[in-house]
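Chain by chain, the residues run as shown.
There are 2 protein chains.
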Amino acid sequence: MQTLTALVFDDFETLDLFGPIEIFGSLPEYFRIQFASIKGGIVYNHHGVALQTIALAELEYQTHILLVVGGKGTRPLINDSHFLQTLAMLADSADWVLSVCTGSALLAKAGILKNKQATSNKRAWQWVTEQATEVHWVKQARWVVDGKFYTSSGVSAGMDMALGFIADRQGRDSAQEVADYIEYRWQEDSQLDDF
Amino acid sequence: MQTLTALVFDDFETLDLFGPIEIFGSLPEYFRIQFASIKGGIVYNHHGVALQTIALAELEYQTHILLVVGGKGTRPLINDSHFLQTLAMLADSADWVLSVCTGSALLAKAGILKNKQATSNKRAWQWVTEQATEVHWVKQARWVVDGKFYTSSGVSAGMDMALGFIADRQGRDSAQEVADYIEYRWQEDSQLDDF
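As given, the protein sequences belong to chains Z and E, one line each in that order.
For the first sequence, position 120 (counting from the first letter as 1) is numbered 120 according to my numbering, and the numbering increases by one without interruption.
For the second sequence, position 31 (counting from the first letter as 1) is numbered 1031 according to my numbering, and the numbering increases by one without interruption.
No lab work stands behind these hints, which were simulated from the structure alone.
All C-beta atoms, glycine included, are put in the ideal place defined by N, C-alpha and C.
The reader is advised that the hints may include incorrect statements.
[Said to hold, decoys possible] Rough simulated footprint, nothing fancy, chain E against chain Z, three-plus residues with beta-carbon under 8 Å:
(1) 34–43
(2) 50–62
[Unchecked claim] Here chain Z is said to cover these stretches of chain E; the calculated rule only asks that three of the stretch's residues, wherever they fall, bring their Cβ under 8 Å from a Cβ of chain Z:
(3) 1008–1022
(4) 1047–1060
(5) 1115–1123
Hey, can you work out the whole structure from these sequences and the hints?
Below, the structure written as structure tokens:
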């Protein structure tokens, strides 16, 4: 059983989080999910979502897979050194680090993606890539894998990446089964990018 | 400004809800979102999501668009006459009623889809269609529109339907803009169904 910790914050992007959660949540025999934020309690976003989270310091299970989402809430966090240091520690100790959309800007600014290949949301490309120049940013990609890091493009790309991660770990059939279960046309080619 | 009320319950399916929410939430100039449950408070699901909701009786805004999601939690609700009566009243007074996945089983059992065309999740097809025989169930469809009712197939189909609803109200360009914004390949043809 692997524990996926989703790190959220105020004004996270709804589907960045819940797209991958639907996918990992569809395989409860492999993955356990916990929702975390720095201080715990309820996290709010601009779609009216109010999500209960556990404080990072109080997590029940050790994190194997860290999921870092994006959204408008990344803008203040990019200047929050406490948040970035905490993120760096979490990412260091995780076996796998996955980001969706502008979540990779946080990883980059925290110094975690140094000399790594990574991608991000195309709408926020300039802002994201300015956060760290020593990252090998890949503009044309649905998602990018480099070592333990999986970074995806904007919002819905996180679902394709999550299925890609599952294909890499549990096998392609397992990923396709989840896609079929949620009646989702999985874009399996990580390099194909329409956006 | 139209108010969308998402009716949720324990063990709702994560993406049934948050796929459409991402899409409606991307147009805050048109749509306001409120999350409701019968009794209010926190609603939990099998993916570890704990979502704060408002009691139906305490909703701040009148509902223009009712969103009814599916998931394992529909199984006990199908025999809950108080829930079904409440759902019928809500649906009657709403301008539009949208369901995702097995949410249409709840609408059907509540008697709201009588003589209407509707669809649902293909994995739960037999169970859903048994809930009401006087519904014209359409098996091959991504989503079905009949009057004020939009019913979609399983899980991710709710996103295509939400974009279809927006195309019907705000125009196709508006829907395409949202799809582009979330880097989502919208399946625009409601009759095309791979599942």
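Structure-based check of all given hints:
1. Here the segment 34–43 of chain Z counts 3 residues with a CB under 8 Å from a CB of chain E, which clears the bar of 3, and the coverage holds.
2. Only residues whose C-beta sits within less than 8 Å of a C-beta in chain E count toward coverage, and the segment 50–62 of chain Z has 3 of them, enough to reach three; the restraint holds.
3. Interface restraint, the segment 1008–1022 of chain E with chain Z: holds (8 residues with C-beta to C-beta distance below 8 Å; minimum three).
4. Counting residues of the segment 1047–1060 of chain E whose CB lies closer than 8 Å to any CB of chain Z gives 6, which reaches the minimum of 3, so the coverage claim holds.
5. Using a Cβ-Cβ cut-off of 8 Å, 3 residues of the segment 1115–1123 of chain E lie near chain Z, which meets the minimum of three, so the contact claim holds.
When each numbered hint is compared with the structure, no violation occurs for any of them.
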